[in-house]
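Chemist: Now for the letters of each chain:
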Amino acid sequence: MSSSPGSSSIRMPGIAPLLVFASIAAMVLLVVGPLAIVFTEAFSKGLSRFFLEIREPDAVAAIRLTLLVAAISVPLNAVFGIAAAWTVAKFEFRGKSLLLTIIDLPFSISPVVSGLVWVLLFGAQGWFGEWLIDHDVKIIFATTGLVLATVLVTLPFVARELIPLMQDQGSDEESAAITLGADGFTTFWKITIPNIKWALLYGVLLCNARAMGEFGAVSVVSGHIRGMTTTLPLHVEVLYNDYDFVGAFAAASLLASLGLVTLVVKTALEWRHAGELSATRRH
Amino acid sequence: MDLSLEISGISKSYGRYPALNNVSLQAHDKEFLALLGPSGSGKTTLLRVLAGLEKPDAGEVRFGGEDFLSVPVRQRQVGMVFQHYALFRHMTVAQNIAFGLTVRPRSERPSKSEIADRVADLLSLVQLDDMGKRYPAQLSGGQRQRVALARALAIEPKMLLLDEPFGALDAQVRRELRRWLRELHDRAGVTTVFVTHDQEEALDLADRVAIMRDGQLIQLGAPNEVYENPADPFVYDFLGAACRMPGKVEGGRLTVADWVTKAPKGAPEGPVEVFFRPDEVAFAPADGAGLGAEVKAVAQRGPDVRIECVIEGEVFELEAHGPTLPAGVAPGLSLRVKPMRPRVYPRTTVA
Numbered sequence: 000m001s002s003s004p005g006s007s008s009i010r011m012p013g014i015a016p017l018l019v020f021a022s023i024a025a026m027v028l029l030v031v032g033p034l035a036i037v038f039t040e041a042f043s044k045g046l047s048r049f050f051l052e053i054r055e056p057d058a059v060a061a062i063r064l065t066l067l068v069a070a071i072s073v074p075l076n077a078v079f080g081i082a083a084a085w086t087v088a089k090f091e092f093r094g095k096s097l098l099l100t101i102i103d104l105p106f107s108i109s110p111v112v113s114g115l116v117w118v119l120l121f122g123a124q125g126w127f128g129e130w131l132i133d134h135d136v137k138i139i140f141a142t143t144g145l146v147l148a149t150v151l152v153t154l155p156f157v158a159r160e161l162i163p164l165m166q167d168q169g170s171d172e173e174s175a176a177i178t179l180g181a182d183g184f185t186t187f188w189k190i191t192i193p194n195i196k197w198a199l200l201y202g203v204l205l206c207n208a209r210a211m212g213e214f215g216a217v218s219v220v221s222g223h224i225r226g227m228t229t230t231l232p233l234h235v236e237v238l239y240n241d242y243d244f245v246g247a248f249a250a251a252s253l254l255a256s257l258g259l260v261t262l263v264v265k266t267a268l269e270w271r272h273a274g275e276l277s278a279t280r281r282h
Numbered sequence: 000m001d002l003s004l005e006i007s008g009i010s011k012s013y014g015r016y017p018a019l020n021n022v023s024l025q026a027h028d029k030e031f032l033a034l035l036g037p038s039g040s041g042k043t044t045l046l047r048v049l050a051g052l053e054k055p056d057a058g059e060v061r062f063g064g065e066d067f068l069s070v071p072v073r074q075r076q077v078g079m080v081f082q083h084y085a086l087f088r089h090m091t092v093a094q095n096i097a098f099g100l101t102v103r104p105r106s107e108r109p110s111k112s113e114i115a116d117r118v119a120d121l122l123s124l125v126q127l128d129d130m131g132k133r134y135p136a137q138l139s140g141g142q143r144q145r146v147a148l149a150r151a152l153a154i155e156p157k158m159l160l161l162d163e164p165f166g167a168l169d170a171q172v173r174r175e176l177r178r179w180l181r182e183l184h185d186r187a188g189v190t191t192v193f194v195t196h197d198q199e200e201a202l203d204l205a206d207r208v209a210i211m212r213d214g215q216l217i218q219l220g221a222p223n224e225v226y227e228n229p230a231d232p233f234v235y236d237f238l239g240a241a242c243r244m245p246g247k248v249e250g251g252r253l254t255v256a257d258w259v260t261k262a263p264k265g266a267p268e269g270p271v272e273v274f275f276r277p278d279e280v281a282f283a284p285a286d287g288a289g290l291g292a293e294v295k296a297v298a299q300r301g302p303d304v305r306i307e308c309v310i311e312g313e314v315f316e317l318e319a320h321g322p323t324l325p326a327g328v329a330p331g332l333s334l335r336v337k338p339m340r341p342r343v344y345p346r347t348t349v350a
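Just so you know, the protein sequences line up as chains A and B, in that order.
Under numbering that gives the first Met the number 0, the residue at position 10 of the first sequence is numbered 9, and the numbers go up by one with no gaps.
Under numbering that gives the first Met the number 0, the residue at position 53 of the second sequence is numbered 52, and the numbers go up by one with no gaps.
Don't take each hint at face value.
Unchecked claim - Computed Cβ-Cβ distance ranges for the label pairs, DEER-style:
| hint | chain 1 | residue 1 | chain 2 | residue 2 | range |
| --- | --- | --- | --- | --- | --- |
| 1 | A | W188 | B | A136 | 18 to 24 Å |
| 2 | A | G274 | B | S139 | 38 to 44 Å |
| 3 | B | D28 | A | G183 | 52 to 58 Å |
Claimed, not checked - With a Cα cut of at most 25 Å, we get these calculated DMTMM-like pairs of lysine to aspartate or glutamate:
| hint | chain 1 | residue 1 | chain 2 | residue 2 |
| --- | --- | --- | --- | --- |
| 4 | B | K54 | A | E91 |
| 5 | A | K189 | B | E53 |
| 6 | A | K265 | A | D167 |
| 7 | B | K157 | A | D182 |
| 8 | A | K95 | B | E53 |
Treat the hints as calculated values from the structure; they're not laboratory data.
Keep in mind the model is a prediction, meaning the values are calculated, not measured.
Beta carbons are placed, not taken as given, at the ideal position from N, Cα and C, and that holds for glycine.
So here's chain A without its partners, still in its complex pose (with noise of 0.2 Å):
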């Protein structure tokens, strides 16, 4: 395990502690306090108004929505993310940086282009709205439409994950297993995923966590019908904007303690296997 270079300490008396605590500080007024007042508000009326309000058919419907829009497009991206990151990592060819470049694409531009993107072209008066008015093909302001529109925000978390380690470990093992008999599936299966694994995992849950929160882009597709094409992010701002507050909070302490199970997982991933994790890495 290499220390990073931040955890030598130089020895300026008083500054320290004062960093230390004005740093704390920050945290506690900027994240621990608004995360704490949104389990404070759905809480605020008892617990079991909390359960009403999450059992509520619309919120039902869009905690549905989330979990099936996650479930398609986190493994679409998954599959995605280690075909691209295999190419990279293990094969030299023209154009290789442009392909880099626009894998990262998406983390640069605002997700409300990501979304507006599918509505230029699947939106009625896109490209293609004509022929998908005239085929009763709904995308925009549909199921489809959300999830096209989170595959391409979160399309580079696998990858971004998986290529600085793929590269890092070469091919020679592949090729070893190659020369010993193996086939191309058994090397993929037996050797590649293996090494890659925690990585993967890694990639997963941080695609998931933003798959699930996104909102900007779905916000542009989705047209917010209640109960058909709100997500869970979606679904706390038509709360808000009615005034449920007790409705909204409740809705977003879910999303908060989405986002805290993934703190943890997270974290235990980079304790346990550091090595195999890009994030460490990069300083």
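The hints should help you fit chain B onto chain A, whose structure is shown.
Modeler: Only chain B this time, still in chain A's reference frame:
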């Protein structure tokens, strides 16, 4: 002797950069062949062509009479050992060694107990009897490379390919493993191709050495042969420490600076490059025969003495063993240095 491996006219380039240029060579059955050359000489590429991990642009490889290039990698039955071991890090040592057997199709796969026996045999062959349950990360570099070798031997390879197998190990371990590898080769009785950039290793280990440079085969021969008769200045220089001086051959006489001697057999007429090994020199008093030299420094290193001399205005580091050194050699002394076996190559216009 029957030919086992025949490589003819192999060429391979990466983009505009040629990695192998029309390489042809043969190896006999059960021969230990070393591919020796500096980095970028194409030796590893050639090895990977033999393994099937690279596809040559042109040329032919026959092994045991069979067209080897048309055989897919996984059916070639070559045991490949990589410089950085390439052990499967998530498998134990025993699982690593068994891998080649466990991935066989069901009909050809040995039973579990047969595999276990084979693994135990191989572990004792590479002297790692108690290490079967360990993971690669828990082994030293030398141990890892022995596991890699056992894994390659498990499939009963027809040919063993080693890509700088000791390159990542320290000098002590290298020397130990070297002798051990040679014994293993002799016992296993399998044609072995060994890539290295270490001339000492190649000369010590191999039956024959193929010296490569810039994707081309420069010289092929027994270690003794190539060491005694390097084909060109590059090979001379590459095989050991070399001293180099300009000279001239005229009518069977070789003139180097103020030293005139009989030219070696077959020396070309005209301006030449004269090479000699720094430890193949005789020292004589200033009025004797040889190159006039002035001693700058003398350093005793164990049984060897390193003598720094200025000859013709250039500094040379010569080596002598204690007893052959005339007593009283000290800085400031003028003496004569006589190369015992100078080698002469025509001087090329591009120096």
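Chemist: Indicate, hint by hint, whether the structure satisfies it.
Modeler: Do the hints match the structure? See the list:
no. : hint                         : verdict
1   : A:W188 to B:A136: 18 to 24 Å : holds (22 Å)
2   : A:G274 to B:S139: 38 to 44 Å : violated (19 Å)
3   : B:D28 to A:G183: 52 to 58 Å  : violated (32 Å)
4   : B:K54 to A:E91               : holds (15 Å)
5   : A:K189 to B:E53              : holds (23 Å)
6   : A:K265 to A:D167             : holds (22 Å)
7   : B:K157 to A:D182             : holds (19 Å)
8   : A:K95 to B:E53               : holds (21 Å)
The structure fails to meet hints 2 and 3 from the earlier list, while all remaining hints are met.
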